[in-house]
Amino acid sequence: ALSVWVSNLHQAYRLLPEPVLDEIQPFIDMTLGRAFRSLVAVLGETHEAAVEVRSMVKGALPDSADDFQKKKWFQKN
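Numbers 1451 to 1527, taken from our numbering, label the letters of the sequence shown in order.
Honestly, the hints are just simulated from the structure, not real lab data.
Remember, it's a predicted structure, so these values are computed and weren't measured experimentally.
Certain hints may be false.
Estimated spans, in silico, between C-beta atoms of each pair [to be verified]:
#: 1; residue 1: 1509; residue 2: 1461; range: 17 to 27 Å
#: 2; residue 1: 1461; residue 2: 1518; range: 20 to 30 Å
#: 3; residue 1: 1472; residue 2: 1524; range: 12 to 22 Å
Built from N, CA and C at the ideal position, the CB exists for glycine as well.
Let the hints inform the model, and build the full structure from the sequences given.
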């Protein structure tokens, strides 16, 4: 089930137009970066699911799977 989920996610990612990806990639990096950190902790860095998730992260990885921003992008002040 995990490999199917990751594969479906990656297929959808590849369908996003470049301008959309440019706008949302930082959010993808944080979300999938945390997912990658979680996968690595259980499956290891070379597991195919971890490698595929990592391929969608273009920026820096979060420090941990629990690296959440205190203030969300949609919150004011």
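Quick rundown of the hints versus the structure:
1. 1509 <-> 1461: 17 to 27 Å: Since the Cβ atoms of residue 1509 and residue 1461 sit about 21 Å apart, the hinted range of 17 to 27 Å holds.
2. 1461 <-> 1518: 20 to 30 Å: This hint holds: roughly 27 Å between Cβ atoms.
3. 1472 <-> 1524: 12 to 22 Å: holds, 19 Å
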